[in-house]
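Student: Residue numbers (our numbering), protein chains in the order written: chain A, 35 to 543; chain B, 630 to 1043.
What you were told as hints is all true, and nothing was included just to trick you.
Pairs of lysine-lysine, DSSO-like flavour, derived with a Cα cap of 30 Å:
#1 B:K853 - A:K408
#2 A:K438 - B:K931
#3 A:K419 - B:K931
#4 B:K853 - A:K419
#5 B:K931 - A:K405
#6 B:K853 - A:K438
#7 A:K405 - B:K853
#8 A:K108 - A:K198
#9 B:K867 - A:K419
#10 B:K931 - A:K408
If you're looking for bench data, these hints aren't it; they were derived computationally from the structure.
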Amino acid sequence: MTTNILEMRGITKTFPGVKALSNVTIEVERGEVHAICGENGAGKSTLMKVLSGVYPHGTYDGDIVFENETVEFKDLTDSEAKGIVIIHQELALSPYLSIAENIFLNNELKGRGGLIDWNKTNFEASKLLARVGLRENPTTKIMDIGVGKQQLVEIAKALSKEVKLLILDEPTAALNDEDSDHLLDLILHLKGQGITSIIISHKLNEIKKVADSVTVIRDGKTIETIAKQEVTEDRIIKDMVGRDLEHRYPDHTPNLGDELLRVEDWTAHHPQDANRVVVDNVNLNVRAGEIVGIAGLMGAGRTEFAMSLFGQSYGSRISGKVFLRGKEIKTRTVSEAIAHGIAYATEDRKTFGLNLIEDIKRNISMASLKKLEKFGLVHDNEEYKIATEFKQSMNIKAPNVLVKTGKLSGGNQQKVVLSKWIYSDPDVLILDEPTRGIDVGAKYEIYTIINRLAAQGKGIIVISSELPELLGICDRVYALSEGRITGELPIAEATPESMLKLMTMEKPR
Amino acid sequence: MSNPTPVPTTESIQAGGNVNPPSNKFTDRLSHVLADLGKNGIFIALIAVVVLFAILTDGILLRPQNISNLVVQNGYILVLAIGMVMVIIAGHIDLSVGSVAAFVGACSGVFAVQWGLPWWLSVILSLGIGALVGVWQGFWIAFVGIPAFIVTLAGMLIFRGLALVVLGNANIGSFPAEYRALGNGFLTDLFGEFEIDPLTLGVGALAIIILIVQQVRTRRGRQKYGQDVEPMAWFVIKLVLISAAIGFFAYSLASYKGIPITLIILAVLILVYGVVMNRTVFGRHIYAIGGNRHAAELSGIKTRRVDFWLFVNMGTLAALAGLIFTARLNLAGPKAGDGFELEAISAAFIGGAAVQGGVGTIGGAIIGGLIIGVLNNGMSIIGLGIEWQQVVKGLVLLLAVAFDVYNRRRSGGR
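My request is simple: use the sequences and hints to build the entire structure.
Tutor: Now the structure itself:
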């Protein structure tokens, strides 16, 4: 008998073409707060999905032992029955239902005749709310309370299921400091009541505050588990990034020209909550032939910045100035931005980047159909020819350009997106997570393409949550935290450690 | 940094397999033919329905008068189907077209009969009213952002009501002859009476020649740009079959009363909108919006503007359908256009349009409309009750969409 509530042994999980987890082992002691740390894409969330049965038994290798018993979960309900509750980054609450209704969703308190007993529901809900320290009427609708309080409702919901192991996936990513502090206190409070927690986070200060031990995962492997006494930020950072940076990035000798793009005092607010500043007074510039990186953790406002700049596709109350070659330009609509020579390749190819039911050729021409127009008609043979040229120069692997993009692999889809933007002939390309969900070989090709574009004198902005990637391909990097630029380093001075410090720098208050 | 070599990936290995499949000329051609048949499943469905009812009706279905009626009786549905499939490709729907057709029909009655305006002016004014209806609905859908389902559901009530208001609880009838020709007229008598109209045969022959020239040119163009083309033998077989169908159709029309005016209107619409959807920037934008609205917006496509013009176009086509229908009945009545929207929507979906948008063709919608037409016509000839006709049409629609959904799932789309 051990004091461990949970042991995951030798967990290996493969997706087609990608090994997400390889032989991960983790032990969680009863009654502790255990932090799991790692870069985006390291495999943290995958691990938790294995644990909670989202990936059912049989789709992974390895054993899960919970309360000294080997368990084989088929789905979420199975793991919840055992007392394992996971709270995802994106909260799973129904906005139009009340707090009480949400807490007892799919677990309704029934009275006589199988009908829902609303008095009991609301009464039990208010008891749970008291336990998590949320002073709200249980009949209030979820949409009327803030994200921080919603997070507490999620925890109350977990408590209603008699949780033994609570898993929180980046619980404070969307919260302000006050709410974060409250949440962390609550986790410690629950620990006092005997509830074990696993917290996934890359905010080092909060890990130090609450965690009894920290397990670091990198590239789908366990690096080490550190006990509380030995936890230092430096050690975690070294574990998180300590990989071989060689051989992953093509050589790149910058040939810098004049300044191409300059952004001054760029500020954008949340589209629904117009008082919340998401992008805060950002100033940056890109020179011709330069690859500039924007590094930031989840929620730092990277994509929000790029999209608000690209035709105000995100946000409200946007202000600031944009200069192209020293001349101020307006980018109020996407077509205006494109006309001024700005291109933005989104981080979410499938939702925002591609028309998956159309073929390669039509996706490539989508942003530049006007160029193919002759006497009012689209010259479709010319379109085919151009698409085929891109297929060759970008090495898009498909039998021909009439293949639907939905059937391509992630790497090839990304090449189609890049082709689309290159064909629009931009001066500045903003590439948001250009290698997300792409295997190593295809990543290398994407980097080569980025280098080639820079060599042609285009200005490139790369947004990435993978620090090694930015350090490997950029000439200069900006760090973004809480919507603000917290630092700017030439590549020679940027190290993972110095960047992570800037990226986690909080607003002075 | 040292000089690395790219790592070979599973991806490139798989793709290598794709690029060089074990090549066998015969199976290669066969697969091409099969793929083509799969893509043109709707065409085969039409042939199957025609053959089925030709047998069930002892050949009555294929008599010249019936063939002619097929076009004239379904003309207005086919006009609506053209606009409807465009709306559906963009991911919307229009429930109001039947009411709009009735409303415009009523207005044209006022213009041509009560006010005694010349027929051409009445037609122009009526089409203008249809466009204005489209402006109204397009405004709410594109610029206010209300789902088309709701806006056009409201439009269904509003314009049905306005039609009654305009009619003042009475039918308006006895339209001038030129107006009636829109729905009833034939392009005959130019050369006097013949047993078999030579003009119709001439037009049929011309259509065949144009089709062949155009197909050959397209094929040559593709070859010039190094694209794959279908095997020559299959290309010829297809051309011969289609030419034979056109020939039979022209001969049938010629043996009856010649070319219906409705058919001329339809032919022009099909050609023009076919080009619009395939070859113009506007048409491409419609497909792009339907396929992925977010991606289209982030590619600089002005989605609202496209939505707006789509509904203006739909309103105008609904007006045209209303004119043809009114002309055919020689009567603008309160029940006109009842259920047209459902037939037009069915035609688009049977013709292969996808419920989620992004997929569909003008040709498909026309064939879908013809399938419905043949079903209507054939079932009436064999004397099937109206109640069972509805059941059959409902099942056909359901099966057509189920087939589409099944196909999509199999091919791993969304």
